[in-house]
Amino acid sequence: MRKTIAGLAAAALVLGGTASADTEGAETYDMLFRSGTLDELPRSAMLVYAREVANRANPEAAAAATGEVELRFAADDPTLAALRFTHGDSFSAIGSFPAEVGNPVIMYFMETVVRDMAETAGGSPFYIRNRMKEALLRPASLEAVEVEFGADEVQAQALTLHPFKDDPNRARMQGFADLEVTVTMSDEVPGWYHALSARVPDLEGGAPIYVSTLKLKAPGGEAEP
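Just so we're aligned: the sequence shown equals residues -21 to -1, 1 to 204 in mature numbering (1 follows the signal peptide of the UniProt record, and there is no 0).
Just so you know, nobody snuck in bad clues.
Label pairs and their calculated CB-CB ranges:
no. : residue 1 : residue 2 : range
1   : D9        : T65       : 30 to 38 angstroms
2   : A150      : A54       : 48 to 56 angstroms
3   : G184      : T58       : 44 to 52 angstroms
4   : G15       : N37       : 32 to 40 angstroms
5   : G184      : A36       : 13 to 21 angstroms
6   : D68       : P21       : 24 to 32 angstroms
Worth flagging that the hints you see were computed from the coordinates, not collected in a lab. Ideal placement from N, C-alpha and C gives every residue a C-beta, glycine not left out.
Turn these sequences into a full structure, and let the hints steer you where they fit.
In structure tokens form, the structure reads like this:
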């Protein structure tokens, strides 16, 4: 996964009341892959994101993928932001990324969604990844929201993508054609991302086919609901 996340990183280098609007294509990309989001974070700090996955087709893999993602600055090189996944007492390194580019958690999140969709629906990860990249350059729904972070209510923006809405191969995607990706962002939370969510609804009204979320935990507390 480290290699594919690095590919997304390379792409990132080249490429009041509740209200809603649509972003322009370039604005979609710039908001999601905002640079400088780690600049004000102390190098001794650690951000922890609660990760939850549900997959009706593979519940065992979903349970193994549920845990926490930690972001901290590399001890030997504070210009690098290091990610690792923890599950109970076990952990695995995800990779280290230039901190000046921004918070790499979004690249990790997007790549895990690509991988999960490919494994569940049986499609090509290269095709899925390319369609996801194209969605980053199209207009998207944007909504002003209030979210809880610690004891506070903070102003945020929720941006929603439907990467496969008009895809010619929708019929072959086993429900993932209706994938909805929502990223909630705020200047008032460290690291910019309050929550990242990917969801595939059951159009017959049952439980979602697939859900993957990352939520920033408030310092010393739990992920906000």
